[in-house]
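A.B. asks: Chain by chain, the residues:
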Amino acid sequence: MSSYIPNTNADRRRMLDTLGLDSVEELFEVIPADKRFPHLDLPRPLSEMEVRKLLGSLAERNADLDHHPCFLGAGAYRHFVPAAVDHIIARGEFYTAYTPYQPEASQGTLTSIYEFQTMICDLMGMDVANASMYDGATALAEAGLMAARVTRRDGLVVSSTLHPRYRQVLRTYTQGMGMEIRQVGHGDDGAVDLGQTTQLLDASTAALMVQYPNFLGCLEDVLALSELASSAGSLLVVCVDPLALGLLRPPGELGADIAVGEGQPLGNPLSYGGPYVGLFACRQRYLRQMPGRLVGMTRDSQGRRGFVLTLQPREQHIRREKATSNICTNEALVALAVTTYLALMGKQGLRQVAELCYHKAHYAAEEIAALPGFERLLGQFFKEFVIRTPVPPAEVNVSLWEQGIIGGYELGRDYPELDDCLLFCVTEMNSREEIDLLASALGEVGRER
Amino acid sequence: MTEPLLFELSSPGRVGCRLPDLDVPESPLPEGLTRRELCLPELSEREVVQHFTRLSQINFGVDTGFYPLGSCTMKYNPRLHEDVARLAGFTQIHPSQNESTVQGALQLMFELQRYLAEITGLPGVSLQPVAGAHGELTGMLIIRAYHLERGDEGRSIVLVPDSAHGTNPATAAMCGYSVSAVPSDRRGNIDVRELEKLADERVAGLMLTNPNTLGLFEEDVLRVSEIVHESGGLIYCDGANMNALLGVATPAELGADVLHLNLHKTFSTPHGGGGPGGGPTAVTRDLIPFLPVPRVARRETGESGTEDTEYYLDYEWPVSIGPVGGFYGNFGVMVKAYAYLRSLGAQGLREVSENAVLNANYILHQLRDYYQLSYDRTCLHECVFSGKTQASLGVHTLDIAKRLIDLGFHPPTVYFPLTVDEALMIEPTETESVETLDAFIAAMRQIAREAETDPELVRSAPHSAPVMRLDEVTAARKLDLRWQR
Amino acid sequence: MHPVDRKYTKEHEWAKLDEGLAVVGITDYAQEQLGDIVYVELPQPGETLSQFDAFGIIESVKAASDLVAPVSGEVLAINEELVDKPELVNEDPYEAGWMLKVQPQDESEMNPLMTAEEYGAFLRTLEE
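Chains as they are written, first to last, in numbering that gives the first Met the number 0: chain V, 0 to 448; chain G, 0 to 484; chain U, 0 to 127.
One or more hints might be untrue.
[Unchecked claim] Residues on chain V that point at chain G, a partial pick, calculated with CB under 8 Å:
no.: 1; residue: F27
no.: 2; residue: C120
no.: 3; residue: I180
no.: 4; residue: L246
no.: 5; residue: P249
no.: 6; residue: E261
no.: 7; residue: R298
no.: 8; residue: R319
no.: 9; residue: A322
no.: 10; residue: L341
no.: 11; residue: R350
no.: 12; residue: H361
no.: 13; residue: V390
no.: 14; residue: E394
no.: 15; residue: Y414
[To be verified] Only pairs whose alpha carbons sit at most 30 Å apart, straight line, appear in this in silico DSBU-like list of lysine-lysine:
no.: 16; chain 1: G; residue 1: K387; chain 2: U; residue 2: K9
no.: 17; chain 1: V; residue 1: K34; chain 2: G; residue 2: K196
no.: 18; chain 1: U; residue 1: K9; chain 2: U; residue 2: K84
[As the list claims (entries may be wrong)] What follows is a list of derived Cβ distance ranges for each label pair:
no.: 19; chain 1: G; residue 1: G64; chain 2: V; residue 2: H86; range: 47 to 55 Å
no.: 20; chain 1: V; residue 1: A82; chain 2: G; residue 2: T452; range: 48 to 56 Å
no.: 21; chain 1: U; residue 1: E31; chain 2: G; residue 2: T452; range: 26 to 34 Å
no.: 22; chain 1: G; residue 1: E25; chain 2: U; residue 2: K61; range: 54 to 62 Å
no.: 23; chain 1: G; residue 1: S10; chain 2: U; residue 2: S49; range: 57 to 65 Å
no.: 24; chain 1: G; residue 1: T452; chain 2: U; residue 2: E106; range: 52 to 60 Å
Bear in mind the hints are in silico, worked out from the structure with no lab data behind them.
Built from N, CA and C at the ideal position, the CB exists for glycine as well.
Whole structure, please, built from the sequences with the hints as guidance.
C.D. replies: Pasting the structure below:
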């Protein structure tokens, strides 16, 4: 018997006697006899020691970033996680709790969600934020569905500089809803083409959806885009890198109606793509159409401050098929990590991290662009930039890997016109030595051609 | 004492983490785009740790005590899983790294897919969905794609039992379907005769939970599947209650075409206060082409004579519904579920369900003379009572729930399923000892007595929680969703 | 028991003709079922309603229900007081808790609606 089941045979015997049964099998007589107790072909059970060893050997077969400098971004980022974050989310009272439906037993979780909502609002410059979504991609998709509900229109205009995977997830989410998605291209500066945007926006457009900084690393002219959207009566949805908002003006100041983003950079490891956390914030007037959970402040019968889940009638467990979304479980513990991270970094720290990324990325871009055969493309950027390489990007990465360096993202996968380009990302985790190493390794690649 | 918020503890100039100095030359900041004001609290590490430690102390988790939320499967979360999930080889790998550099991760995912396929009897598995509702959406989009691929555009309705979890109809609506409710019969099963009337060529499928939200096995499940299949529809199985069926029955054998599982329920990964979870979707062979991309696959490499296996991400599925998330799913959660399955094996899984079902029936038996049992049947892993008797004395299910907090237990699920008046849904799980069950039973019996002898005590509960009953009406009327300076 | 100066629907709305306008609200039974009302979403003046179509939403802490139009017509006025004091619907559903004033397209639409007596009988069948 597994150590996770406390009851012994004697305990079970006693319980069966109370029930007047001979064996546990009798409890399953309702299952059709020929379907009952199938044989499952699974590996034999292992002891704790053996499981630990097995998992250790699987982990060792992965080249991890503690041992390799990495310049990959493209929607998942290596940022510093202060030690205290993991200690806090490893507290059993937090991670073994459920959704806080009984507020009197869950003030810890509820209070921290209220703090999360507050900080996301301040970071994004928006009026209200929910308790989290699954990730940036699904947050964007739900923003599209929300815009359709608010405006009662079924068209979306989406920038080609929005993360390619996010655009695919948007299509997946809207495929049953009769929505039309139009894509607007980008210019030589790597930003959304304003002229094309004007042409594509019309009275059927629920929202214009853009990313800032965008997938190619560039800074969009969000103010101009918000003016175009509002002249068409459409909402503006902005997908952000929340860490960039330590330095850059937030979407709320630039005209966004809905702001979404991927919260992974704020205190969460890369973890091969998940768990991450979707950020979702909007203007006050759209509050009741917002998906996800919301925590509100209130008082108890003694006048003490407390927190509860509120506006639950919008959610699936009450509104059912008319709910704003089907979301139930979200990414609460990851959101708690974000809250802890933002509390530790604070006003000064987040600005400092963002600046470190900015200056290091610009230094790296300059060094690389100065190498013969290498050229930086596109306009202003934050921490990611596009480099045209003298040999095919895949070969560049192979050479870099030979030196133990994980190189940039091969843009040809998603942008055929950039198939000779790599997207490099530099964060506060890349020391000057690492950057110089990258530049010199690339220099060698250039020379070999 | 109420714990202050981060913003109330904040003091200008405090920092919680020291960052390194800039080691490269500065570049000019982007004009007009630099932020003027950043409003975040300023605290030292000590204060942050103290704050969250105190918050954790006013939170109830499975670690704290019995947490019998029906349909949530609040089982013990093994510590080993927390350790192995934190190995750098799992946490410090980038999802866009070259696949040859992350073979351990891909192997883990591939094997987990295989184990879940074996447990469900459904060979096609996607690990991409990160929550049950996410898995449901994936599954229903697959059903939709299947019908369209066959050229059948007339299926606009999904049937959902009236006892179903709210995510079911919400999900169907997100796929563009309208929802028709199927009533239950007097034994708590789907009413087969009503189903026969409803199942026609406009129905894309039935969303079935088995055992259902009453904790009861659908006695006519084979006939139910037959009816739906005969009318050309598919069976979507909500696998939230899989804790009753591990090694006991495979959903595929009971007629399921599509199913989602909850890693954070059945497979012991922690609930986290509301996530992260895992909601893998499993399908029959015919539906495999519609699964989300990418899928984790395996191929043999190397020349003949050598045995070399390589794991990779397979995007070559032209009729896939598309990706449902940013990357490959909650990998960090998968590691824990994988460790669990490697620890338990087939025998261990069967023991889980046997003990879960025994524990639930024990509670049912010991409380049936105190609370009204809606359906006089053997339950599976959870039992549902109605608080109607107590309600007639002026003590409602909500009051019973709050009183349990005083007695040291987390309340069970209340007011769900909607088909039972004053519902109390109790799921003990297999990881609770008989002593704990007896203590819970004693507490519930005490409350039943108090409802008769001292109802006001129950109605004004909780008395010993960090807060008393909170005013949810004012919270909704005067919305305060963020702290204001 | 139920005001006799108006007609009732199966969705527990009432409509009362007052100087050619139809005043609309929900019944005492409805407000009791919903519990403490926290929010009422109403259409804007100028919008046109169709009989038996949903025109808004009423929310309590534990439920959210569609509001269904008892008559067709143009919305001339809405009860602005409900924005800040949704509890008026609980306190006085038949007078201060009124929701809409509608210019009815066709007064005969009210003929098939229930009288106070018929509504009372209808409620008794629900309680069985």
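A.B. asks: Determine for every hint whether it applies to the structure shown.
C.D. replies: Hint check results:
no.: 1; hint: F27; verdict: 6 Å, holds
no.: 2; hint: C120; verdict: 5 Å, holds
no.: 3; hint: I180; verdict: 12 Å, violated
no.: 4; hint: L246; verdict: 6 Å, holds
no.: 5; hint: P249; verdict: 7 Å, holds
no.: 6; hint: E261; verdict: 7 Å, holds
no.: 7; hint: R298; verdict: 6 Å, holds
no.: 8; hint: R319; verdict: 4 Å, holds
no.: 9; hint: A322; verdict: 4 Å, holds
no.: 10; hint: L341; verdict: 6 Å, holds
no.: 11; hint: R350; verdict: 6 Å, holds
no.: 12; hint: H361; verdict: 4 Å, holds
no.: 13; hint: V390; verdict: 17 Å, violated
no.: 14; hint: E394; verdict: 13 Å, violated
no.: 15; hint: Y414; verdict: 15 Å, violated
no.: 16; hint: G:K387 - U:K9; verdict: 26 Å, holds
no.: 17; hint: V:K34 - G:K196; verdict: 27 Å, holds
no.: 18; hint: U:K9 - U:K84; verdict: 26 Å, holds
no.: 19; hint: G:G64 - V:H86: 47 to 55 Å; verdict: 23 Å, violated
no.: 20; hint: V:A82 - G:T452: 48 to 56 Å; verdict: 53 Å, holds
no.: 21; hint: U:E31 - G:T452: 26 to 34 Å; verdict: 29 Å, holds
no.: 22; hint: G:E25 - U:K61: 54 to 62 Å; verdict: 56 Å, holds
no.: 23; hint: G:S10 - U:S49: 57 to 65 Å; verdict: 59 Å, holds
no.: 24; hint: G:T452 - U:E106: 52 to 60 Å; verdict: 58 Å, holds
Going through the hint list in order, the structure does not satisfy hints 3, 13, 14, 15, 19.
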